[in-house]
Amino acid sequence: MVLPFELEYRHIYILPTKFGWGFGFMLITMALGGLNFSNNMALMLVFLLATITQLSMFIAHRNLSGLKIDSIKCEPVFCGHIAEFRVYISNGLERNRFAVEAGFTDPEACMDFELNSRKSIQLRYPALTRGWLQMPSFRIQTRFPLGLFRSWSWIFPQTRCLVYPSPAINAPPLPKKGHGEAGAVSKGDGDQIHGLREYQPGDSLHRIAWRASARHDKLYSVEMETPRGKACELDWGLLGGNDVETRLSILTAWVVAADHKQLSYSLVIPGHRVASGSGANHRAKCLELLALFSS
Amino acid sequence: MNSSSKGTPYQLETLWVIGCLCISVFPQLLSMPLSLVAIALLPVGWRLLASFRGLKPVPMPVRVFATALAIAALVSVYGSLMGRRAAVSMLVLMLSLKLLETFSTRDARIVVSLGLFVCATQFLFSQGILMIIYIIICLLSSLIALMYTQRREAYEDLGEVPRTSGSLFTELGFGLRLMVIAFPIGLTLFLLFPRWSSPLWGLPEDTLDARSGLSDSMTPGSIQSLFMDDSPAFRVKFEGDTPQNSELYWRGPVFWDFDGRSWQISYFSHNLFAESKPDAENAPFRYEVQMEPTEQRWLFALDYPALEPRKTDMTMDYQLLSQHPVTQLNTYVMASDPDFMDTPELEQTLLWAAIELPEGFNPRTASLMAEWRSETKSDAAIVQRALTYFNQEQFHYTLNPSLLSKHSVDEFLFDTQEGFCEHYASAFTVMMRMAGIPARVVTGYQGGWFNNIGSYLLVRQSDAHAWSEVWISGSGWTRIDPTAAVAPSRVERGAMDSLEQRRHMFDFEWMRQAKNTFDLFQRGWNNWVVTFGLDQQSRMFSMFGWSFIDSTRLVVAMVLIILLITVVIFMMMPWLLKVRSAQKQDPLLRLWYRFIRKLEKAGFVSNPAMAPMELAAMASGQLEYKGDGIARIAELYLICRYSRESGNRAELTKLINDFSVSR
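Chains A and B, in that order, are what the protein sequence lines are.
Sequential numbering of the first sequence, starting at 1, is according to this note's numbering.
Sequential numbering of the second sequence, starting at 1, is according to this note's numbering.
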């Protein structure tokens with residue numbers, strides 16, 4: 001389905017709930033009793049209840065009709081984790097909606113919609129294999145107002161979630177050899193003390209060098225640095241003797257570890273090569289290659 | 001998640017379910033014995049405590065034990081589990097006991113639905129006009145309870161249940177609107193739904209506990225409570241003029257057997273049927289009686305009834321006995337001939353039965369009567385002498401007479417000399433029998449209140465009366481009302497006027513008048529709602545020129561009318577089902593939404609995430625709108641929204657009202 005997608009009457013199914021069937025059965029019993037004893041008050045009560053039941057079916061349908069699925073977003077996850085699909089739903093100006101539930105099988109989220117409002121829900125689905133995870137169809141349903149009827153609509157999204165290979169748990173240490181320029185330093189936050197500089201508004205109180213400040217009658221902040229590590233090359237070829245998935249898994253663990261240590265790294269797999277680099281985009285690019293690798 | 005510690009939302013829903021249950025069983029509780037009421041209320045109390053203290057559900061064995069106990073109590077009170085009252089009481093008790101285990105959505109719904117069922121069974125006992133208010137309250141509380149339950153169901157697994165915007169009024173208003181929509185459709189169904197001409201299975205036959213009305217025995221002093229009861233016994237619509245008040249003797253149970261203390265029904269008077277009847281064609285009084293249920297078999301008619309309504313027998317002493325107890329409003333057509341001669345020739349066995357008295361009672365009366373007998377020869381003269389005696393001696397008509405012991409007639413005639421109709425009728429009949437004149441006691445009603453607006457006669461329980469009949473050779477059984485000799489106003493104007501004191505603290509004339517007038521509505525209700533059936537349906541259709549109706553035609557008409565109503569309702573739906581939220585109540589926001597709606601109509605695709613200025617810019621672009629109208633409105637809206645000046649509101653309203661996109 002192409003988003004945004006508006007729920008229309010032809011997309012919405014409706015059936016009585018278990019309680020609805022039971023309630024209907026009770027109404028029939030009451031109607032038979034009322035007819036038999038020609039008890040008109042009982043009949044009137046039954047007719048009113050039957051009409052209200054009918055109306056509640058209509059309202060259940062109406063509670064969904066006109067809702068708009070705007071978009072679905074999903075961040076990549078590692079294999080074995082839970083993929084979280086964020087579904088944005090918006091309500092127009094016609095009516096408030098109550099207790100709208102959504103979920104793949106059982107309802108996982110429930111919300112009310114004010115007029116002209118937009119809400120997002122998170123649907124969770126386990127990512128079990130690397131590669132693209134096609135978001136399964138999910139259901140938007142409501143049992144409002146009395147719980148007698150359930151109206152629902154199936155949404156078949158085209159959204160996919162990128163599933164990275166799961167990082168190997170006992171991965172070998174990062175390969176040491178590399179070609180990066182060592183010694184480059186990124187100032188700012190880090191874990192080694194680089195020096196002192198004058199305090200600027202916005203500096204953390206923890207960073208203030210109290211002793212130095214006391215000596216100079218001025219506030220000084222400690223400046224920190226992070227040593228930029230040596231560049232390393234994460235090479236498919238280093239992992240001979242393992243099968244494909246294990247290699248991918250180890251490479252993934254290496255990418256994660258190198259990124260965590262803010263090393264600059266390059267990735268080499270059969271058919272692809274990513275030049276040395278660092279940062280979130282670089283990491284995403286490497287991981288995507290690993291996720292979609294096919295021999 | 002611990003639901004009991006969650007606080008208000010969970011409790012609110014539980015409280016509504018409990019409240020709903022209490023409302024549905026309330027009328028039933030009023031007519032249940034106190035012991036059963038206590039049993040029914042205990043689980044309610046426990047469940048309330050549980051929801052506030054966070055108690056755990058009662059374990060299974062305790063519930064089974066409680067149920068067994070409740071059934072045992074029911075059997076000990078009602079004797080069995082059969083019969084209307086016992087069955088409904090059982091339903092009430094079981095429903096109340098259900099609360100002991102009502103901790104889930106499913107159970108809450110069962111309680112609410114069965115509460116509605118109990119509400120319907122209530123109409124087996126009463127279908128009075130006030131019941132419509134009861135229906136409305138029951139329906140509303142059930143709808144609210146179901147809505148809260150649904151909300152809990154939807155949010156239960158996801159943490160706290162958010163309240164709908166605002167308060168109970170959201171639910172209450174929604175429920176009310178549901179009912180407003182449902183009413184016309186429900187009414188159509190009611191009017192056109194095909195009815196059965198005869199019941200498929202038996203009508204309830206058991207009689208109810210302590211129902212007011214005349215009973216099947218008469219002990220002087222026993223119908224005293226009836227005089228306090230102003231509820232209607234029956235209503236009569238006469239063809240032609242209403243007879244004089246002194247002619248309105250409504251015949252009910254007739255008593256032949258006296259055991260010294262009370263008058264009993266005799267076997268033969270219930271099992272021998274009238275051999276001759278008045279001629280219905282020439283009967284001077286023709287009328288229709290609409291009788292409230294009595295749980296007894298008697299139907300009431302003026303002396304002497306000429307017609308036998310359906311499934312009714314006329315006994316040899318002209319009682320109308322229905323084959324089944326009257327458990328529902330009963331309407332019958334009747335004709336009466338007061339001049340009919342009842343039993344010109346009295347059989348020997350009946351004569352014996354009519355002069356039989358128990359040995360050893362009332363010696364003083366016996367000697368007085370022996371004295372009269374020796375002085376007066378003719379029966380008629382003795383009757384006259386007795387009436388004169390009542391009239392001349394110091395007899396009083398009062399509703400609070402002294403109590404009488406063994407020789408009740410002696411004490412009444414010579415000592416206390418005070419009482420009401422039962423005392424006079426009983427004493428007079430005993431006197432006649434002692435003088436050898438066949439006599440019997442007749443109970444029924446006397447008089448009635450003529451409702452001028454509805455031009456019908458209302459006979460209340462407080463019009464209950466007792467009189468005598470003596471058999472005199474040549475004129476048959478003749479009605480003698482000794483009470484009339486003592487208090488003529490009783491017969492001429494009614495029981496209330498002959499009393500010197502008020503019956504109870506709230507017994508005022510104007511209140512009685514108001515009650516009598518209000519009865520007009522009850523009668524209309526009875527005619528149009530309670531007894532509505534096949535006949536009324538065909539009468540209704542004949543107004544439209546259809547002389548003959550069948551079920552198919554009814555169903556077709558019903559479906560067509562419902563379709564029509566549905567179309568109308570469908571068009572009104574947005575208004576009818578609008579749920580007020582806090583957001584909607586903000587007039588400025590409403591104004592802004594009206595503006596967006598105008599833009600959307602012109603083809604603009606809005607997005608709730610857009611800020612006003614952004615929206616204005618996009619709308620101007622999309623709609624190719626020239627001029628700064630849209631931008632101006634957005635700007636004004638922002639000023640109204642965020643600055644303290646309020647004078648711009650009027651201008652904004654005007655701008656938005658006048659706004660139109662002309663492309």
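Hint data in this document are derived by calculation from the structure and do not stem from the laboratory.
Just so you know, these numbers come straight off a predicted model, no measurement behind them.
Please note that a few of the clues may not be correct.
Here are the computed lysine-lysine pairs in the DSSO-like style, where the Cα-Cα straight-line distance is at most 27 Å [unchecked claim]:
#1 LYS98(B) to LYS119(A)
#2 LYS98(B) to LYS18(A)
#3 LYS601(B) to LYS119(A)
Now the hints, each set against the structure:
{"no.": "1", "hint": "LYS98(B) to LYS119(A)", "verdict": "violated (40 Å)"}
{"no.": "2", "hint": "LYS98(B) to LYS18(A)", "verdict": "holds (19 Å)"}
{"no.": "3", "hint": "LYS601(B) to LYS119(A)", "verdict": "holds (24 Å)"}
Comparing the model with each numbered hint stated earlier shows that hint 1 is the single one that does not hold.
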